[in-house]
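J.: Working from the sequences, and respecting the hints, build out all of it.
Sequence lines, in order, name chains A and B.
Quick note: the first sequence uses numbering that gives the first Met the number 0, first residue 0, plus one each step.
Quick note: the second sequence uses numbering that gives the first Met the number 0, first residue 0, plus one each step.
Since the hints were made in silico from the structure, they are not lab data.
Glycine included, every Cβ here is placed at the ideal spot set by N, Cα and C.
There may be inaccurate statements among the hints.
[To be verified] Keeping only pairs whose Cα atoms sit at most 20 Å apart, straight-line, the calculated DMTMM-like set for lysine to aspartate or glutamate is: (1) B:163 / A:159; (2) B:171 / A:179; (3) A:155 / B:168; (4) B:264 / A:159; (5) A:208 / A:192; (6) A:257 / A:159; (7) A:102 / B:168; (8) B:163 / A:179; (9) B:265 / A:191; (10) A:197 / A:96; (11) B:171 / A:96; (12) B:171 / A:259.
[Claimed, not checked] Part of the chain A face toward chain B, derived, beta carbon under 8 Å: (13) 77; (14) 109; (15) 124; (16) 128; (17) 158.
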Amino acid sequence: MFGRKTAVEPRMTWEKNNEAAVGAEIKVENVSISFPNTANGEIIEALRNVDLTIERGQFISLVGPSGCGKTTLLRAIADLQQPTSGEISVRGQNPRDVRLQKKYGIVFQSPVLYDWRSVRRNVCMPMELMGLPKKHRTKMVTEMLDLVGLLDFGSKYPKELSGGMQQRVGIARALAIRPEILLMDEPFSALDEFTKEKLNEDLLEIWSKTKTTIVFVTHNISEAVFLSDKVVVLSPHPGRVSAVVDIDLPRPRTLDIKNEAEFGALVAKVRSSFEGV
Amino acid sequence: MKNIREKLSKFDFSAILAPVLFGVFIMILWQTQLLHKLIGTDVFTLPLPGRIVRIILDNSPTILQNTGATLIAALGGLLFGSLLGYLLGVLAAIFPKWGSGGLTIVSAFNAVPIIAIAPILNNLTKSISDEPQIRSMVAKILVVTLTSMIPMSVNAYRGLTNVKPFSEDLMKSLAASNWEIFSKLRLPNSVEYIFTALRISVPGAVISALVSEYFAEFIIGVGRQIRENIVLAQYATAWSYITVACLVGIILYVLLLIAEHAVLKKRR
Numbered sequence: 000m001f002g003r004k005t006a007v008e009p010r011m012t013w014e015k016n017n018e019a020a021v022g023a024e025i026k027v028e029n030v031s032i033s034f035p036n037t038a039n040g041e042i043i044e045a046l047r048n049v050d051l052t053i054e055r056g057q058f059i060s061l062v063g064p065s066g067c068g069k070t071t072l073l074r075a076i077a078d079l080q081q082p083t084s085g086e087i088s089v090r091g092q093n094p095r096d097v098r099l100q101k102k103y104g105i106v107f108q109s110p111v112l113y114d115w116r117s118v119r120r121n122v123c124m125p126m127e128l129m130g131l132p133k134k135h136r137t138k139m140v141t142e143m144l145d146l147v148g149l150l151d152f153g154s155k156y157p158k159e160l161s162g163g164m165q166q167r168v169g170i171a172r173a174l175a176i177r178p179e180i181l182l183m184d185e186p187f188s189a190l191d192e193f194t195k196e197k198l199n200e201d202l203l204e205i206w207s208k209t210k211t212t213i214v215f216v217t218h219n220i221s222e223a224v225f226l227s228d229k230v231v232v233l234s235p236h237p238g239r240v241s242a243v244v245d246i247d248l249p250r251p252r253t254l255d256i257k258n259e260a261e262f263g264a265l266v267a268k269v270r271s272s273f274e275g276v
Numbered sequence: 000m001k002n003i004r005e006k007l008s009k010f011d012f013s014a015i016l017a018p019v020l021f022g023v024f025i026m027i028l029w030q031t032q033l034l035h036k037l038i039g040t041d042v043f044t045l046p047l048p049g050r051i052v053r054i055i056l057d058n059s060p061t062i063l064q065n066t067g068a069t070l071i072a073a074l075g076g077l078l079f080g081s082l083l084g085y086l087l088g089v090l091a092a093i094f095p096k097w098g099s100g101g102l103t104i105v106s107a108f109n110a111v112p113i114i115a116i117a118p119i120l121n122n123l124t125k126s127i128s129d130e131p132q133i134r135s136m137v138a139k140i141l142v143v144t145l146t147s148m149i150p151m152s153v154n155a156y157r158g159l160t161n162v163k164p165f166s167e168d169l170m171k172s173l174a175a176s177n178w179e180i181f182s183k184l185r186l187p188n189s190v191e192y193i194f195t196a197l198r199i200s201v202p203g204a205v206i207s208a209l210v211s212e213y214f215a216e217f218i219i220g221v222g223r224q225i226r227e228n229i230v231l232a233q234y235a236t237a238w239s240y241i242t243v244a245c246l247v248g249i250i251l252y253v254l255l256l257i258a259e260h261a262v263l264k265k266r267r
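T.: As structure tokens, then:
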């Protein structure tokens with residue numbers, strides 16, 4: 000039962016992602032997903048006929064009320080959930096191959112840190128799975144913790160950190176393997192407004208340095224507009240795409256942008272596509 | 000040194016003060032024979048603490064020898080039982096379809112009293128060696144093995160399967176192999192549960208060892224000496240073995256708590 004160790008070429012630098020290549024990074028074609036409810040066995044239609052194209056290096060948000068299948072879509076892209084019909088391709092490959100090449104970084108709703116590992120060793124864990132040399136791991140851990148502003152907390156244990164700090168460790172861990180695609184599933188939803196806004200700003204800064212493609216799931220419209228190049232609005236029962244709103248606000252963005260009329264107009268635009276649901 | 004002092008200053012002494020004072024109070028009642036009047040007994044059946052301590056000191060070589068035999072049975076059984084129990088937990092985690100149901104049956108064995116198991120195992124192991132000393136020890140270790148295996152298997156299974164939400168998804172998203180998921184997630188996650196099991200099985204192992212000595216063919220061990228001396232109406236000696244039995248149980252439990260603190264302090 001215990002098998003197979005895939006050899007993966009270490010991605011040592013960001014350069015690979017910096018090739019400002021344009022083209023479809025992720026293509027979701029006519030995807031429907033149904034699965035039985037764990038409680039009563041009823042079939043839930045989570046997604047119906049979803050089409051979506053995400054360009055390389057883009058920051059995309061999936062927004063929608065609970066039950067609209069936004070998390071299911073993210074999990075399908077990550078090959079943690081299989082489409083019932085339709086097809087997903089990531090850089091022309093199927094998601095399973097991309098997952099086995101360890102090109103995904105995922106940040107979940109909860110930080111999912113291992114309590115028995117220090118902050119440094121938590122960030123290090125994915126690189127251990129990739130079989131990267133120790134010297135490289137140490138260097139990357141330091142770099143990543145510096146990036147999320149937790150360099151002084153490396154020897155702490157998860158239980159000693161606040162929720163916001165734990166989530167930042169989760170982000171550092173996802174970034175440490177230089178993922179080509181970063182999938183974030185409501186990473187800040189459990190945090191207070193102040194911490195969330197601070198982390199939003201930090202995330203944009205990190206993204207501008209790494210230029211990773213990011214798919215970000217949230218139910219917070221303002222957060223989605225602030226972060227994204229494109230907001231995909233999903234409507235529930237069954238989940239389907241009801242609108243795609245391009246966010247052409249200038250970058251780099253700071254929190255001040257939220258006070259501007261343009262920002263308010265975009266938020267209103269996204270919200271109005273909800274009302275049509 | 001500074002660390003220890005800091006920890007001591009943080010420690011809440013009032014929490015243990017009340018029970019210690021209560022203990023001292025009982026000892027004073029006991030030594031002054033007021034206790035005997037209260038419960039209507041005499042110093043022959045309930046010897047004074049001073050006499051019990053003197054007997055322990057005077058007979059220390061014999062007592063140590065018997066304590067050694069009890070410790071071998073208790074710790075030997077605890078070791079085999081815990082290893083076996085953990086292995087069962089691993090098997091149950093690998094085959095969850097059979098595992099969770101199987102463990103329910105295993106934990107049902109918990110309801111069988113040691114007094115019932117001990118004589119049976121004693122009979123079953125009769126042909127294992129020509130030396131009564133050895134075959135008795137094997138029987139005793141087997142009893143303790145059985146009793147410590149059960150809490151370990153149930154808790155190991157829980158520790159191996161009760162991982163935080165999304166932590167398996169995290170491993171899958173990194174294309175971790177089953178062995179990597181086991182060694183980097185399930186195994187370390189189960190450590191806390193191993194200590195939960197030991198908190199049950201360490202005192203259990205001492206009790207099982209003491210009781211199984213009653214039924215063993217070869218006469219040795221703290222439990223057996225309690226019985227032998229009561230039969231001979233040597234109550235003072237019996238009481239000194241009872242005291243030793245208590246000490247063995249308490250010391251092993253305290254050692255466990257220290258080990259638990261050392262291993263788990265960081266993750267709490």
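J.: Look at each hint and say if it fits the structure.
T.: Cross-check of the supplied hints:
Using a Cα cut-off of 20 Å, the hinted pair residue 163 of chain B and residue 159 of chain A holds, with the two alpha carbons roughly 17 Å apart. Proposed proximity of residue 171 of chain B and residue 179 of chain A is supported: the alpha carbons are some 17 Å apart, at most 20 Å. Using a Cα cut-off of 20 Å, the hinted pair residue 155 of chain A and residue 168 of chain B is violated, with the two alpha carbons roughly 24 Å apart. Using a Cα cut-off of 20 Å, the hinted pair residue 264 of chain B and residue 159 of chain A holds, with the two alpha carbons roughly 11 Å apart.
Pair hint residue 208 of chain A plus residue 192 of chain A does not hold up; C-alpha atoms about 25 Å apart against a cutoff of 20 Å. Between residue 257 of chain A and residue 159 of chain A the CA atoms are separated by roughly 33 Å; this puts the pair beyond 20 Å, and the hint is violated. A threshold of 20 Å between alpha carbons decides the hint, and for residue 102 of chain A with residue 168 of chain B the separation of about 15 Å falls inside it, so the pair holds. For the hint pairing residue 163 of chain B with residue 179 of chain A, the CA-to-CA distance comes to about 26 Å; that exceeds 20 Å, so the pair is violated.
A C-alpha spacing of about 26 Å is found between residue 265 of chain B and residue 191 of chain A, which places the hinted pair above 20 Å, so the restraint is violated. Pair hint residue 197 of chain A plus residue 96 of chain A does not hold up; C-alpha atoms about 35 Å apart against a cutoff of 20 Å. Between residue 171 of chain B and residue 96 of chain A the alpha-carbon distance is near 12 Å, which keeps this suggested pair within the 20 Å criterion. At roughly 42 Å between alpha-carbon atoms, residue 171 of chain B and residue 259 of chain A are farther apart than 20 Å, so this suggested pair is violated.
Interface restraint check: residue 77 of chain A against chain B, minimum CB-CB distance 6 Å, threshold 8 Å, status holds. With a least beta-carbon distance of about 6 Å to chain B, the hint placing residue 109 of chain A at the interface is held under the 8 Å criterion. Hint status for residue 124 of chain A relative to chain B: holds, with the closest Cβ pair at about 7 Å, below 8 Å. Given hint, residue 128 of chain A at the interface with chain B, holds; its Cβ is 5 Å from that chain's nearest Cβ, closer than 8 Å.
At about 6 Å, the closest approach between the beta carbon of residue 158 of chain A and any beta carbon in chain B falls short of 8 Å, and the interface hint on this residue holds.
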